[in-house]
Amino acid sequence: MDINGLPDDLLVKILSFLPTKVAVSTCVLSKRWEFLWMWLPNLKFECHWDPRPGLGDFINKKLSLHRAPVIETLRLHPTWNPHIKPEDIKRWIEIAVSRHVRELELDYYYMTENLFPSSLFTCKSLVTLKLNPMTIKDVPSRVCLPSLKNLQLQTQLYFEDGKSLQQLLSGCPVLEDLSVQFPYNDNIREFTISIPSLQSLSVFLHMNGNLNRYEIDTPSLKYLKLVDWNNREHYSLIKNMPKLREAYVDVGYSNLKNLIIGSITSVKRLRICCSEELEQLNLCVCRNNSLNLLGQLLKGSPNLRVLDISIMKDHLGDEPNGIVCSNQPSSVPECLLSSLQILNWSPYFGRPQDRDIVVYILKNARHLKKATFLADTWDTVVPKLQMIKELRLSPRASSTCELVFAEDLDHIERLEGLDVFFCIKKYLDMDKISGLHDDLLVKILSFLPTEVAVSTCVLSKRWEFLWMWLPNLEFVSTIIPRPGLMEFIDRKLPIHRAPVIERLCLHLIWKCWHSHIGPKDIKRWIEIAVSRYVRKLEIAYHLRKDILPSSLFTCKSLVTFNLKWVALIDVPSMVYLPSLKTLELQTMSVVDEKSLQQILSGCPVLQDLSVNFFYTDNLREFTITIPSLKSLSLFFPSNRNLNRYEINTPSLKYWKLVDWNHGEHYSLIKIMPKLSEAYFDVGYSNLKILNNAIGPVTSVKRLTICSEVVYGDGFVFNHLEHLNLCVCKNNSSNLLGKLLKGSSNLRVLDISIKKDHKVDNGMVSWNQPSPVPDCLLSSLQIFNWSGYLGSPQERDIAVYILKNACHLKTATISSQPFSRHVRELDIEYEYYYSKNENILPSSLFTCKSLVTLKLKFITLKDLPSRVYLPSLKTFLLETESSLTNGKCLQQLLSNCPVLEDLSVEFSSIRTLREFTIIVPSLQSLSLFLRGDWNLNRYEIDTPSLKYLKLVDWNKEGHYSLIKNMPMLREAYVDNESINPKSVIGSITSVKRLTICCSEDSYVDGCVFKELEQLNLCVCREDSSHLLGKLLKGSPNLRELDISVMHAHMGDFDDVDNERKGIVSWNQPSSVPECLLSSLQIFNWSEYLGSPEERDIAVYILKNACHLKKATIITQPCLFPTHYILEELEISSRASTTCQLVFH
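The numbers in full-length UniProt numbering rise by one with no breaks, and the one at position 52 of the sequence shown is 52.
Hints in this document: simulated from the structure, not taken from any laboratory.
Any given hint might turn out to be false.
[What the hints assert, rightly or not] Keeping only pairs whose Cα atoms sit at most 30 Å apart, straight-line, the calculated DSS-like set for lysine-lysine is: (1) K873 with K848; (2) K520 with K536; (3) K856 with K873; (4) K85 with K130; (5) K653 with K564; (6) K803 with K854; (7) K738 with K653; (8) K738 with K630; (9) K225 with K130; (10) K520 with K461; (11) K1108 with K21; (12) K130 with K90; (13) K556 with K443; (14) K949 with K1032; (15) K536 with K523; (16) K581 with K523; (17) K581 with K670; (18) K887 with K963; (19) K873 with K854.
All chains, please: the whole structure from these sequences, using the hints.
What follows is the structure in structure tokens.
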């Protein structure tokens, strides 16, 4: 459907949803859209921190053209824009008043001059006025704002005196909502607010003001917010407000001569007050005298039903000591005896003074129904359990009172899932997610942390119970203390409704944080999971006690079981886990042989077993007999009292054995006929263990091994194809010889050092095998050595293998850190003391895998004699002092045979006198020469180049030789050097050219036959001459853009350095061919409208016969905008179809 077919009213409605600037920009779409924006009812112009002059010019041009009979809303936010003057603001307000503006919002930081025209103070249509921050003075004697209902005088709004404020307010007969903020050090000594119609009043008085007194007389007021932080002694007179229903009072200093309590006794909701009508009180207890105030408020509020005690969010740091002890009231307040039903305290610290208040209220509140305490155990040393005991054991006057004790988990939930939570909330508000099926919503929740998912229950009724169907539950508390976690799980887990719990994760690692979570709690939660047919159970609990209920050991649904730090003792005699396939016993704290054997014997289909005996010091022996097992991982640390172990797993396919136990122990490992892969890490010269392990695994096809000892004779690996040997031990070379001899069919040999292994003193001498092993003569095809250090022993091994491996296809020798075949390397290292140090290893310069290399602030000197980077395609070098001479760069570039993209930036390199870039394969080159240093010459020879960016700001005299680039299609040239001519002559094949150069850079006779798009920077005074030459030499030019490069805009920010523009225009003697035959698009941004620029624009419009569109983005610094428009609009145009667009 074409949107142009819609009626104007609907199109204007659509535009109203866009920012004003965007809506105005639609005028260029077509004739239909040219004037639609002028009917917008709401206009918003803002530029809070942008110092550019564009906003003022934009408003000047557009606001006067606005046609809507009524401006519903005008927002002007040019807060810190120095180009917008007070007279501009006055003029815009006058226009708005003439258009019957209904809502005016102005944010303009100007303190010394009155910005408001007199017409504003008699505007009959104005309903809402918001001002922030500015001076209001010289208010006219006649003020009449008959429709004004909402007046906001916000932060740092300066009145010359209190009379100006009173004069303004007295002329607002129907004002209902008033908000006033008085700034620091204001001149006002006193003020009066007397408004019979006012219903809502907010007054904020800063500290350090000069105020002596104020008076408030608002008999119709329903809501009052008074924040008085003025530390100067002053007087207040607040007359009675019989209709007041809600009040917020924050008095920062106790120096008011007349407290306001007596004026607000009719309220129903109050933050700090006393009143016979008061039903709900919220008291902030951040100050030391809060307890005395609470007593007075309770006495004066006989009908109080709800008492909230808290600390206001922005007062948390005011008084760290909080309330102090005080004497309880001599007689029990009437509200406690007759009306109080709800008590809330947040955050509750549990200190003695807090406890005394709570105990007093609980003891005397006869009708109390519920008391809720949101505990904060982060900022207090009082244990939570002690808080609970103290309050639960205290007497209660109400037999039906419910005591609720909770922990504030909100901050943790927000840390873990704030963005996702509020994303859901946002979509709920948009009503786009409510229509989804419950199953899909549960799926969405499953991607959130469990506590965040549970918190969505508050979003709406629809979401209240959705979390209960989550299949995966995860409760994690590792390092950060979470004393409320137990209550959270206790509340949420029993009401979970999903028929099957796919996964339950309980990670409670550090017992010092979880002393309040006992074995009984863990048992109870596991029992609930078993009753819900849990399929995967993960438990991490740092406590040497039995926490596993007996029901777990007969759970028919359990498929995966992961235990960490858990004691495995007293396993029941009856164990039957018919579905268990994966069992992980990690870092076991306590385990006995009987319990381990009992649990394994009850797993008939177990396939994957992993046991880490890291902290098991009471296990002397064990047996693993599992016919179904396919994968087994065992880890024995040092210093364990193990005597023996036995393994009988006939179906095993993968076995990992890490045995670092240096004590003498025995192992019996029965044959594993199906084993195809093994990993052995055996230390402490335990030959028996290695021999016992090697024997049953000679059938493997892949073997990874690290051993301090060499196994005995007689072992043959007839099926071994892939061997990975760790050479961190002294005897690694001898072990390698033994393995090569016994592996006749070896195809791949990997030598390395495992990541977590420490290197000993190095391998002992290499005793080469005699005769040559069969695998070298007949089968070895691939040889890899990572972490190769080049020691004599290593060299001898590598030479021996290379010399004798008859069928070797690939040998890869790599040293760190490039042994992992890095493809992209990005290094930025800016450190003053290492600017002349070479931090790059020699291995970098022969890295075969490297495709992208980026170096910033890295010293490039003393390159190795051999440099070869066969895969490098992208190279970025950005530095201040990295090249000691140009030879380093050339040596590097000449050995990059496939380099395609090169970016080099030099900044004031004092030692660099000349450099050469000769790269036949290069397709993109960016060269930046910044600063002034003694560069003599540079040469560029890149015959395949397609894109060139050359920024030469070195103004020292230097010579450049840029050879022809026949394939060049795009160029960006910004040249300030003294000898720029060699550049232009080398880039004549381009189709797109961006250029900022002097007239002298153009070589006479140069023709850009292929050039279709030209962007010329006119920051120089002679730019017009270069433009004439480029037009003459570009017969096929289709698009011409005239502008000032962004990099050069900063040159004219200061008033003293304002851009003068083109100083003269000598039009070509004959009209350039491109104007007569090809130019279709003409754009000029940053157009000043000077006579010289006008002459150029008029000349192009007059002679461009095929011009379709000309866009002029004006900067009316020298002439008013309407003159610029008129001059170009009335100028003759050679093209009858040319559309002239102004911005």
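Fill in: List of violated hint numbers, smallest to largest
As far as the earlier hints go, 6 and 10 are violated by this structure, in ascending order.
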